[in-house]
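S.K.: Just need the whole structure built from these sequences, with the hints factored in.
Chains as they are written, first to last, in numbering that gives the first Met the number 0: chain A, 0 to 202; chain B, 0 to 536; chain C, 0 to 93.
You may find that some hints are simply not true.
To be verified - Derived PhoX-like pairs: lysine-lysine, alpha-carbon spacing no greater than 20 Å straight-line:
{"no.": "1", "chain 1": "B", "residue 1": "Lys236", "chain 2": "A", "residue 2": "Lys126"}
{"no.": "2", "chain 1": "A", "residue 1": "Lys42", "chain 2": "A", "residue 2": "Lys126"}
{"no.": "3", "chain 1": "A", "residue 1": "Lys42", "chain 2": "B", "residue 2": "Lys236"}
Said to hold, decoys possible - Among chain A residues calculated to face chain B with C-beta under 8 Å, some are:
{"no.": "4", "residue": "Ile9"}
{"no.": "5", "residue": "Thr13"}
{"no.": "6", "residue": "Leu16"}
{"no.": "7", "residue": "Phe23"}
{"no.": "8", "residue": "Gly30"}
{"no.": "9", "residue": "Leu32"}
{"no.": "10", "residue": "Gly121"}
{"no.": "11", "residue": "His130"}
{"no.": "12", "residue": "Gly131"}
{"no.": "13", "residue": "Ile133"}
{"no.": "14", "residue": "Gly137"}
In case anyone wonders, no lab produced these hints; they're calculated from the structure. C-beta atoms are modelled at their ideal positions from N, C-alpha and C, and glycine is treated no differently.
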Amino acid sequence: MSTTEHSDFIDSDTGKLGMWLFLFTELFLFGGLFIVYAVMRSKYSADFHHAALELNAFIGATNTVVLLVSSMTVAMSLTAIQRKQSNRAMGLIFITLILAGVFMVNKYFEWGHKIGLHLYPGSDVMKTLPHGEIMFFGLYFMMTGLHALHVIIGGILLTIVMFKIKSGRINQEHYLLHENGALYWHLVDLIWIFLFPLLYLIT
Amino acid sequence: MNDSSTAVPLNFLNHKTGLWSWLSSTDHKRIGLLYLYSITVFFCVAAVLGLLMKIEKFAPGQTIMTAQTYNGMFTIHGIIMIFIVVIPGLAAVFGNILLPIMIGAKDVAFPKLNLFSWYVYITGAFLGLYSQFAHGHVPDTGWTFYVPYSAEATSNVVIALTAAFVLGFASILTGLNFIVTIHRMRAPGMTWFRMPLFPWSLYATAWIQILATPIIGITLLMVIAERTFQIGFFDPKLGGDPVLYQHLFWIYSHPAVYVMILPAMGVVSEIFPTFSQKPIFGYGAIVFSSLAIAFVGYLVWGHHMYTSGMSYQARWAFSLLTFLVAVPSAIKVFNWLSTMYGGSVDLKPPLLYAISFIFLFSIGGFTGLTLGSLATDIQVHNTEFIVAHFHYIIFGGMGFGFFAAIHYWYPKIYGRMYSNRWAYIAWGILFTGFNILYFPMFIMGIQGMPRRYFDYDPKFTLGQEISSIGAFILIIGLIAMISNLVYHRRKGAIAPANPWHGVTLEWQIPSPPPHENFDEVPVITHDPYVFDHPYTK
Amino acid sequence: MKNHDDHITSYSLNWTVLIVLLILTTISILAIKMHLGAYTVALALILASVKVTIVLTYFMHLKFENLLLRLMVGGVFLLFAIVIVITFIDYYFR
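M.R.: Laid out in structure tokens, this is it:
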């Protein structure tokens, strides 16, 4: 008779269901922001359009591609671990992490540019703008900021996965953490798929 | 350390001792008790605050506190009662202790996460307390944190908001754990429709917890951002919309009412069959009405906002949906009553509390319909009618459900019996005090007594005095009830494994339950409430 | 107990999914230059939803999960859509 309390082992379907439920809460966390966005966009559509021109659609598109590719590499790393190709799995996660870094660097320049133009909440320039534009930038910083936080958390999670593959604790038999890390990373991608057209592609 | 030669058999309470063995335990039963003790302490604090407010209102004009103190007091009373006591309440305490046992599991799906969520909870609870004592002013926004006031008030609003955010996170983790537990940990043979009704109600509750709580999380973050970074989501000066805050707030906080009440409904659904010795009437109807309440309850938030400036179309749509949610609640009441009909009813304290639950919840429910219909709501909005209504629902419903639960499962948890005599006396005082306290508020509310006022027109003096006297009686009843339970924890008679002749799984194991609940995994071969089964004889 | 029975997605399927996603991204970028007016938002959202569905189905392996989980995911998105619609009963008529 096994002891439940002191066992660290969680069976894979149980762990995966837990992760999915957690992803649902994440979706609703961003969901609250999407509700605000939808209401404000319908209220200030002209201002939103105008303010969105300040955003660099090229950087936005680049980051979209970066995240899509990273989603694929992390999915492939799972395939690799299932096929017992540990080194390839680690390599693919490493590529994912690099792409996450590229995303964050882009984000850094993007935010830095805005802040250089004094387009940050509470700035003097911002106070002179029409209400809808203030709202757009407020939402822009809040949404991309919260998303960037998730990129960082996802990156940390995948780093842990990488080290556990190295130590052999994630292997062809047991890869629940790897699977959940990948699911989390896909969520980061999923949110961005909505953020990109809503923030960068407004006409 | 406990030698097996001692008279008391090993159980989850005594198999390890010392404070640390409790604070580090991943045993669901011990975590449930940790929640029970912390919730009781906070409940007593908030109840005293409530009593102080009632003393202030004993006479018109200022009596024992200033208006500002009163504002702070109803705010923190609300924050503690809602976020720290009632929302975790039944799910975290009795859900934790009994859910795994009732479905035949050894623990929840993620025991460590379960312990972690208690620590998150206690952190949030202390943050809530800290907002009272930190440098600056006591938060005075009311527990609803309505903008624009909460965005501008100079009091410790950010700390209180953070507390609510952290507490919400604990609630999410508990809900997540329960859903996975119910999906994955049921004993062999325990199909979905062989599951007792308390787990079912927890299942519906848990879905609300994980799908509604994030909305309040992000909303509170937005208010924090508004205060610290001047992003004006809700501030009209920056183009924001204060009504949008109310939408987001109630998208969570209305379903939260069902987080409070659904488990209480689950508890009484266990109590009625046991004390009638008769299968529950309409098992399927109760299951589906729980799920229906959870779903429809998610869509009725706007009935808190009839006077906030919503469009007319939204108001009648929300009114319609609100009336819909009354249907499944009524179905449950009929089922409980039908369960008692023709049974051998044994009016033990748990049943007494369960019946008073129906009585008080029905009054709360009917007045809820008064508030759900547009025209009458506009008349009584923001009066003491509202205060009376939600205390009937939350205290009369969830509170009495909680008391029913503790009197029902007390012998199982501690292996001791409380004094029935004292339980009856305490119930009498409590029930009388409750009604004397809250019922006059309905009348004064209709007469126009606004809520959240520390002073009032002298014409309300009589009603307020009656209400305040009720508060004293209620507190005496609470003291009597808690003393009875605390005293008999060690001095009570030894309880048998199945004192009430219940048939669900928790009654088939010793009291208190052994550390790992079941010596061997139970195999379930029949429906949950079958009273002629051999092992009940 | 072990992850043995899980479906293994082939590398080539992953590549195909990525290429489809990139094509859809390109379409959504090009679409704004076509000045479709009011339909741009609708088109952008539809394309985003298609992309999200693809990510959920293949990258997140929903295609190979049990029906219950798929229903849950669908239900969660549906619930969110209902919440948005109900919110707009207020804002649309205000």
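S.K.: Take the hints in turn and mark each one as holding or not.
M.R.: Hints and how they fare:
no.: 1; hint: B:Lys236 <-> A:Lys126; in the structure: holds, 10 Å
no.: 2; hint: A:Lys42 <-> A:Lys126; in the structure: holds, 19 Å
no.: 3; hint: A:Lys42 <-> B:Lys236; in the structure: holds, 15 Å
no.: 4; hint: Ile9; in the structure: holds, 7 Å
no.: 5; hint: Thr13; in the structure: holds, 4 Å
no.: 6; hint: Leu16; in the structure: holds, 5 Å
no.: 7; hint: Phe23; in the structure: holds, 6 Å
no.: 8; hint: Gly30; in the structure: holds, 7 Å
no.: 9; hint: Leu32; in the structure: holds, 6 Å
no.: 10; hint: Gly121; in the structure: holds, 4 Å
no.: 11; hint: His130; in the structure: holds, 3 Å
no.: 12; hint: Gly131; in the structure: holds, 6 Å
no.: 13; hint: Ile133; in the structure: holds, 5 Å
no.: 14; hint: Gly137; in the structure: holds, 4 Å
The structure meets every hint from the earlier list without exception.
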